[in-house]
Every structure is written in C-alpha cells, then in structure tokens.
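K.L.:
Going line by line, the protein sequences match chains G and S. Take 950 as the starting number for the first sequence in our numbering and just add one per residue. Take 3 as the starting number for the second sequence in our numbering and just add one per residue.
By construction, these hints were calculated from the structure, which means they are not laboratory data. As the structure is a computational prediction, the values presented were derived from the model and not from experiment. All residues carry an ideal CB built from backbone N, CA and C; glycine is no exception. It is possible that part of the hints are untrue.
Stated by the list, open to error - Pulled from the structure, derived: some chain G residues nowhere near chain S, Cβ distances all over 10 angstroms:
1. Val963
2. Gly1002
3. Ser1027
4. Arg1040
5. Asp1075
6. Gly1086
7. Asp1096
What the hints assert, rightly or not - Chain S stretches covered by chain G per the calculated footprint, using a threshold of three residues with CB under 8 angstroms from any CB of chain G:
8. 606 to 612
9. 696 to 707
Listed below are the residues making up each chain.
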Amino acid sequence: MPIRFEVNGKQVTVEVEPRLTLADCLRQQLRLTGTHIGCDHGVCGACTVLVDGDAVRACLMLAVQAEGSKVVTVEGLSNDDGLTPLQKSFRKHHALQCGFCTPGFITTAHALLSEEPDCDADRIRDVLSGNICRCTGYISIVEAVLDARAAYKSNGGKP
Amino acid sequence: MKNTFIGSPVERREDLRFLRGRGQYVDDLAPEGLLYAVILRSSVAHGRIVSVDTKAALKIPGVHAVITANDMPGGPPIIPMRLQPLPEFKPFEQPVIASTKVRYVGEPLAVVLAKSVAIGEDALEAIEVEIESLPAVADWHVAAKNKNILFESQGTNRSLVFEARKGDADVIFASAPYVRREKMRTGRHYGLTLEPRGVMAEWDAARGRLTVSGAAKVPFFNRRILAKQINLPEDSIDMVENDVGGGYGARGEFYPEDFLIPFAARHVNRPVKWIEDRRENLMAMNHARETEAELEVACASDGTLLAIRGEIHTDMGAYMRTNGAVGARNVAQFLSGPYRVPHIKIDSSLWMTNKTPVGTYRGPGRFESSFYIERMLDMIAGDLGIDRVELRRRNLVTAAEQPYSIATIQPTNATDQYDSGDYRATLDRVLKEINWPEVSKLQGKLIGEKYHGLGVACFVEGGAAGPKETARLELNDDGTVSVFLGTSSVGQGVETVFAQIAADALEWPMERIRHVHHGSTSYVSDGYGAYHSRSTVMGGSAVLEATNHFQAAIREAGAKRLKCEAAAVKIDPDNVSGPDGQSFPLKELAGLTAEGAFLNKKHTYSYGAHAVHVTVDPKIGRIEIIDYVLVQDVGRAVNPLTLRGQMIGSLVQGLGGAVLEHLQYDEDGQFLTASLADYLLPTASDFPNLRCVILEDYPSPINPLSVKGAGEGGIVAAGGAIANAVANALQSFGVEPRQLPLTPTYIWELVQAGRQKQAAE
Ligand code: FES
Ligand code: FES
C-alpha cells in the first residue's frame, strides 16, 4: 500500500507491505542507512528517529503508522558543510568508537536537549539508558551531551 | 617541522562520517539483484539428523533456493583453527553446516535464499526437519562423566588438557606453611557487538572472482580458509572490510556463514547478503569465559606467594572454533597475573558440551584468571592477618625482575615474558587516586541501608601478537599520501592513530595523509589483522617502516631527476630538492609507493591496577559503584583521547561480565537468554562513576614506537576488583563471592547464608 510522509523535510510516497517496519522502510526503500538496526526488538535504541519531534524506535513502528507525520533521521540532523554543535561535542569527547550506536544517540540526545536544554547528568543518563553502546562505556557520551547543552540553551531549544 | 601528533588527543577522522549517518556497514550495501539469506538453525541441542525436507519451502513464491549439506559434494567443509591448531583438536572442529548430527541450539541446518528477509523467514517455517534427540551434555560436569559423548569416535568429551608449568609446585606444597584451597567459577558471556555480524558475497562468473564484504579482524587468514574450501585461488577472492560495528575478539573469526554465503552466491550466481538478527547473534557468535577452577595457593607466613596448583575446566561448547583454545590456555598461563609465583602447576581441561562454541572475548582467559587470583589474595590476606594492599605489594613483580618469565604451556611449549614495568607504581597511584587512606575507613560500614566496601586488583595485559604486519604508502596526484595496512579496524579508531604516526614520521601536516585504508585484502601483500591488542603496536610500527621506505624511494627518484646523490635529496611536504637548490614538485612523483613490514616475536605487557568503592544493599543484593579508578601504564599513548575510550569502554564491558551478563542454558541444552531482554548489558545509568589514569613511565623496549597494547586493561581485573569490594562490604556476614556474575540473587543468597551461619553459631 502507498504511504505518504515527510522525511528530513521532504515529502515522500512509498509503496510498502503492511508488515514493513519504519526502520526497514527508511533503510531499504529510502536508502537512509544512517538509521541502524541492533536488535529489531525495541531494546537497543540504534534505530531511534524523530517522529513529530519525539524520539521513537523505528523498529517498533510500522511504516504505515508514519502516514502523514514528520520523520527526521540522523541524516536530517546533519549538514554537508560541517558538524552540528551536538556532533562536534560527540567528536570532542570521543563519544563514539565503532559508530554503530551513534545515530540513535544523536537523535535521542537531540530530542532531549530540544525539550530540556537544562537537563542535568542524571536526567541525561536516565534518558540515554534506553540506548545501548557496547564500545564507549557511556561516560564520554554523557559528557558530550552535557557539553552540547549550551548550544541548545542559547537558541531556545534549537542547536 | 617537527610534529607531535603522537601523544596528542587528536579528534578522530572517522567521526565525520559516523556522526552524520554516513558510515557504511555491510548491511548498508544493496547491489542489483540481491538475494537475502536466512539460516535455519537447530532447535535441538544434541541429536542425529534424520531428514531436512526443503520441498515445501521451495514452493513459496520469492524463495530462490534452499541450501543444505546435500548441496556440498564431498560433505560440508570443516573450519580449521587459526590459533593453536593442534592435531588433537582436529576431530572437534566445526563443519560449516550440520549434516549428520547437531550439537548445539543454533547450529546451521539450511540456508534459504529469498527475495526478502520476510519471505525467507516464512520459508524457514516450511522446512521440515526431523532430528532424533540425544541426551544433552549441558555443562562440563556432565561432559566429564563421558557417558554421552558429542564426538563418539573420540571416546571422550575432553579435547585437550593444557598444562601450565613452572618450577616444582608439588615439592613446595608438601612443606608449605600455609595453603588455601578454593573452588570458584566465572559465568558464560560474550563479545556482543551492537552491529550484528553480516556477510555479503558477489560472484563474477565471467571472471571467476568472488568479492566478500563484511570482512573484519583477520581477512587475510579468512581468505586462505575460504579459498581452500571453495576451491578458488586466493587472489580470485577479495575480502572487503566495511565499517565495522564492534569486534571485541568475537567478530571477524571464520564462522560457518563465512563459507555458506559465498557458497550460496556462487551456487545461484547472484549477490547474496546475510545479516544476523539479535537472537541468532546470541546463539551463533562465539561465547566465552565459562570456567570453573579448583585452586590451591601456598604462601610463606609473611604472605609471600610460593606456589599455585590446581585444575581449571572450560565449558567449550560444541566445537573447537578458530580461536577457541585461547581462553583455556590463557586462564592457565596468566593465572599468576602480575605476581611473582615461582612454582606453578595448572591443568586446564577443555570440555565439549552442547552449547554455542566458545572463542575469544577481549581479555580471553585473563578476566577469568584475574578473578581467581585476586579473590584468593583477599582471602589469604584475611587468613594471615596481612593488609591486602601490602600483600599485593609484596608479591608484585618488581622492575628489577623484568623481563619476567611466566609459566610454560604444554603441549604447545609456549613460553612468555613480561617486557618491562614497575607494577607497584600503578598500585600506589590507584590508591592515591581513590584516596584509599580516607575511604578505607568505610570498609564494611553500614551507612543508611547500604554496606560500603573497597576492592583492589592488579593486572597485566598482553599485546602485539606477531609475527608480522605490513603497511604501504602511496603518493597521490595532489601530493597527499594514502596509507594502506594489513591490520583491521573493528571500530577502535585506527585510521586516526595511523595518520598521526605517518604524519609524525614524514613530518608533514595531518591533512597531507589523505586516506588510511585497512582491512581489505587488496591493499597490501599480506596482513595479520586486529586481535590481541596488536593494531597500534604492530600496524603502527609497520607504518614507520613503510614511511622509511617511502622516503628512500622518493630520494632515489629525486636523485635520478636532480642528478645528485640520493642521500643529498631533501623532501618537504611540497618539493623534492637537491644540494644545489634544484627542485621539482613532489606531486610529480604521484603513484610512487613503498611497502614496509614490522616483524616481531615478543609481546608487550602493559599493566596497572583497579580500585573500586562500592555499596551493597543486602536486602536486594544490588551493587552500586561509588568510585572506580583504573590506572594503566601503556608505555606510550599515541592518542590519549582514543586510549581513554579503550580503557573506559573495556572497563564497562568487564563490569557487565562481572555483574550483569550471563548466557544461560537449561539441563536439556535449551538456550534461555535469546534476547537483549534476557541477556543484560550495561546501560548509561549502571556505572556512572568511572575514572582512568594513563601512565607512560615504562616504554616498551620491543618496538620502535615504544607502545604497548592497551585495549584490554579495563576488562581484565574488573571481576576481581568488584568481587573483592563486595566481599569487603559484606564482611560482617562472612560473604566471599566465588562466582561471577554477581547477580542480585547470588549476593542475596550469600547474605542469607551468612546470616543463617551466624544464627547457628
Ligand atoms: S533496533 Fe530498534 S531498538 Fe534496537
Ligand atoms: S560506539 Fe560502538 S556501540 Fe557505541
């Protein structure tokens, strides 16, 4: 069946099987491979994307449920000329190694900082605890998110 | 210009793509005409295969083929061992697909090739499998009865006994003034990678070429295996390393799928991709760590270690996989850790059981042995009334004793030496960092609802496995340089580290090192990969060698053009010039290339200490880490930023194995932890208070960079340190943890047992 939704600011129409997840739709049909699949069961957070501003696990949502909504993936939180303040902060703090979990952390942290640019370390840990990273041990990720708050604060929730 | 990129916290180049969702992992590849492979795995732990009927599955629209052992004339190939390939292990090696017997839940039985994964999964259900079940050998205790045998022709479930020997332990025990005996065990866990494994194979029938994507860790070795199995010359196969979502020792070994998918692609003459799902990953990727030890330690009355003796048993799972013997060997060889133990006699048995086979996981055997020795030391200190820090200090190998020889391993006759270092310095430093004199006042104290405890543990970490590594530099049209290597990346950030080394050696700006390519078989003539903390040491030293040859080649070419002596030629980032000021632009030599190799037989040994302050809630058995410090002397830190990432990252993996992670089976060999809801991994809120300190006091004497492998120090001593802290916290109940992981239930049981014992007394 055909569905229509907005991805990273562009309207798309795709033909999907009813059982196709949003994650597979993004990856396979729209070739947005920045969204990763680490468990396909809603546990690891690697597939996190923003749906109408909320961080959502794309492996737990069917593509048909995205009809009419605004979806933003890690590609949509990036630009060609350089890194965003959040991305810069991840790089500075070495908050990624293999990079497989990274898109999920970027989208999750972006949603958090957009809503709560004043959040403290405990709150950050709490929210990020839904995402698994096997490489970093998380300390540097929390530091990176803490450090990125300033960019969101000065701009009313926008980086 | 004199560069100092080595030693600086240079931000990583690979981050630019990862942070923007532009990494390219194997599942991101989707060539025209791609078919998806889905694998039917045994749901029976031990049994004889009666039939595998694929007729109904083949009728499903969208199913292209179903491959079973019957499609392999001459029977399915066997996967040879990569490390310790002893003849004794041969009969226990794994076939790429089961044909007569299944020996673990998860063993491949058939491969479906379909238009989509969903159709392939539908087809799995349509395959009819008949297996006559046999009694399962669910753990090493059952295996040791040798009643039900996995490989009948062998008559035993024991594939080998490694013997660690030094001095004459029996003589010492006969007259030792003090001996402590203990039985302990470590749980089964593994190097789970967040990116599941994947293989994509493309067969070019016209040219007879096979391209295999998803390679990692040891692509050259795996190519050799595959070439033999699939009957192609090695140079007709390209192994391509994509971005790799974590390795930790587990990814990149030759697994059954590394044959099955290329075979399938050639069979149907279409590109075929297989991406493991998480459930498969939990039951198909190498398991690790499950050992049990019965040990005796003999001491003088002042606590001087005299001898260690005992038996260790490893639950190997169903087959001897490529590096499956490493853990069982290391647990015996490194039992003495950083301590001076003159007499050692350990027998380490490898028992075949109906579980997923084991391989290495970061710090193989070292995590287990560190837990054993560190627990023993605390118990000995208690018995002898010696402060446990003092006991360690007395027994640590001193700088004057280096290089220090450890136990020899039979039957491989493997000897080894620690290379350099002052182990006490790291112990002293860790105590200072955690403020031991102050916090030690809290030992065993109940504050609020929780008991406070401290733990300390010391470790060595081996690195730099030889024999060789190769690198090549090539000059590009624009005057930049590309670096090619035979090592691999498994996500550690080697691109940046190698660029730092090359830029320093050339005395060029970093931007002039345009690319660092590694891991694929087409870049250099030979390569040995990423394991045993070897990438930086071996690969980095090879980059230095290649740089020397590269500069020599430029000088030689310059001499010809400038008509002067090669020695008189000067190279700067832009120009090549002669003694009389004549010069030409460097980029005119574009295409110039030079290879260099670093050969090495010795190992580096970085070392350090862990100290931890925990609280334990006795009512719920929950451990909380208040402060944790890891100090490690790495010889020389090429990039402190990425090194810290290795240290904290490996520490959290160690804590996961010590507290949370546990692969469990029931007595029928059924796998009980097949999802991330059952197999618990550390999350961001579990271990927030961790710190690390890097020391560079003892450069490695065995390589030109002076570096030591340092990717495992965090994991090795984590189990011992935390278990000691828990014992210390719960001393009023007489609690002595003797197994990992320290789950809430286990701790609660220990507290209950302690209470009952006290009530009875
Ligand atoms: S892939 Fe969606 S949560 Fe793991
Ligand atoms: S960086 Fe590898 S899983 Fe997070």
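K.L.:
Decide, hint by hint, whether the structure agrees.
P.N.:
Tested hints:
1. Val963: Label holds. Min Cβ-Cβ 15 angstroms, cutoff 10 angstroms.
2. Gly1002: Nearest chain S Cβ is 19 angstroms from Gly1002 of chain G, so the label holds.
3. Ser1027: violated, 4 angstroms
4. Arg1040: violated, 4 angstroms
5. Asp1075: violated, 6 angstroms
6. Gly1086: Gly1086 of chain G not clear of chain S: closest Cβ-Cβ about 3 angstroms, inside 10 angstroms.
7. Asp1096: Given a closest Cβ separation of 14 angstroms, the condition holds.
8. 606 to 612: violated (count 0)
9. 696 to 707: violated (count 0)
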